[in-house]
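Enquirer: Here is how the chains run, residue by residue.
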Amino acid sequence: MRPSIPQLLAGAAATIRAALPNMRGESYAMASMGTLGMLLILMSQEADRAAETLVSEQDAIRALFAQAAGHALPEPLRARVAEAARGERASLRVDVLQAETNELKALLTELHAWLETSPFDWAEALEARIWEILRLGAAARALYLPTL
Amino acid sequence: MFTPAETQKLEAFLAHTLGVKAAKIENVVRIHGGASRQTYSFDVTTSAGKRGYILRRDPPDSLIDTDRALEFAAYKSVQNQNIPAPRPVALVTDPATLGAPFFVMERIENAAAGSPFNPNAFGEHSAAIGKEFFSILGRIHAIDPHASELAKVAIAPPPEECWKRELDHWANVIAMDALEPQPIAEAAIRRLRANPPPPPRKLAIVHGDYRIGNFLHDGKGAIKAVLDWEMAHIGDPMEDLGWALDPLWAQGRKDLAAGLLPMNDAVELWEDAADQDFDAERFRWWSLFASLKGLAIWISSSKTVVDGKNTDPILAFSGWYCLTRHNQIVADRLAGAKRGGL
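In order, the protein sequences belong to chains A and B.
Numbered per numbering that gives the first Met the number 0, the first sequence finishes at 147, counting up by one with no gaps.
Numbered per numbering that gives the first Met the number 0, the second sequence finishes at 341, counting up by one with no gaps.
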């Protein structure tokens, strides 16, 4: 649909920012509206990319799980990791993707904690790969503030 | 704002507190003073003249009385210590007057806060503000915490337990408030527990939220008041340096401390004022802790919004922008660190 969601949100933010100078004497309301305007801009950044970020992250975590399941992890952690590696997406709706990603990240956190205590080279390599997934995921979600 | 009945009670209370026959409240406006408190500015006219005051009231769903008492004690602790801060006037823990505990302090006139998210908040005065910012922090840390008002309401931990007390607290906040898995925060918690810092040589009053945005300046390069002492406690002074120097507040200026002045200059100013040496080993731990504490605060902000307890957009902003930024800061740092190290 046109205008797109990011365009609508950016437009709403611009409307709020244009109205701010007329809100003299309303300190709290003015600050709140200014923050709301910034939030709309952040939402416009996230709206377009949210599904792609989650899908990419899921794929990376499942690939890592598939690799980890081939190593001597303790049971039942290994079995759970192997099963999660075989998982499939139920939908591309963002709320469904987010719920699936949350399940994967909870298991990733358990695996990460175990790998940190393991002396094996393969564990160290997997740990480094987890950090790369986490680092890339954080970078993919970076938000940029408008110039004030 | 205040109801007519609340205004009447507050006027009677202020007249009693200020030692005058009558006090008249005018020009009440709500201002932004931190989302965890309702903050009001107003004028009070008495036989002695007119003066501005700030009132900080707990929101209905919030905090225990000791939190307010602690913040009030922190303000009292820095009076007459060459620390610019508002003068506290009264603390009221009985909710009968305004429906919730509150405290009143004198308003700082002709001063404004700079946004921590504006990379040019102080314009040509950035370096001057930076010098004051780190000198004042050093002076706060030079105060004997055991002789302060804060020591009457806050426990002074054994120096070797400072890190654990803070880490336990904020790790618990994350455990209680996280609405979704936080693998970066959880990894940081494990890493911090595995690498405890050396104890401080001496304890200090720790402001707890010393950063850009939590002070008022005059627009000409002078800091007129340090605000927001609600997280003040007694602990390791490196904790405040870790927070003040967190990359979140530097707005991408990695070369400048708090985005204001060169790191070496900032550290020297702090050392001179605090009369103690900067400890790089302790700082390494407390700087990672600062980012973790940030994550905890932003995670809590998100939960507050989702629970519908507070709809202030600054909480949603923190839960989005600050959380994603701190996840990025911690992930970049630990991904690049030696395995198991800081």
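Bear in mind the hints are in silico, worked out from the structure with no lab data behind them.
Check the hints yourself; a few may be wrong.
[Unchecked claim] Output of the computed footprint for chain B on chain A, the stretches with three or more beta carbons under 8 Å from beta carbons of chain B:
#: 1; segment: 54-65
#: 2; segment: 83-95
#: 3; segment: 101-108
#: 4; segment: 130-143
Note that the Cβ used here is the ideal one computed from N, Cα and C, for glycine as well.
Enquirer: Compare the structure with each hint and give your call.
Expert: Structure-based check of all given hints:
Here the segment 54-65 of chain A counts 0 residues with a CB under 8 Å from a CB of chain B, which misses the bar of 3, and the coverage is violated. Counting residues of the segment 83-95 of chain A whose beta carbon lies closer than 8 Å to any beta carbon of chain B gives 0, which falls short of the minimum of three for the stated coverage. Given as covered by chain B, the segment 101-108 of chain A passes the check, having 5 residues with a CB less than 8 Å from a CB of that chain where 3 are the minimum. Given as covered by chain B, the segment 130-143 of chain A passes the check, having 10 residues with a CB less than 8 Å from a CB of that chain where 3 are the minimum.
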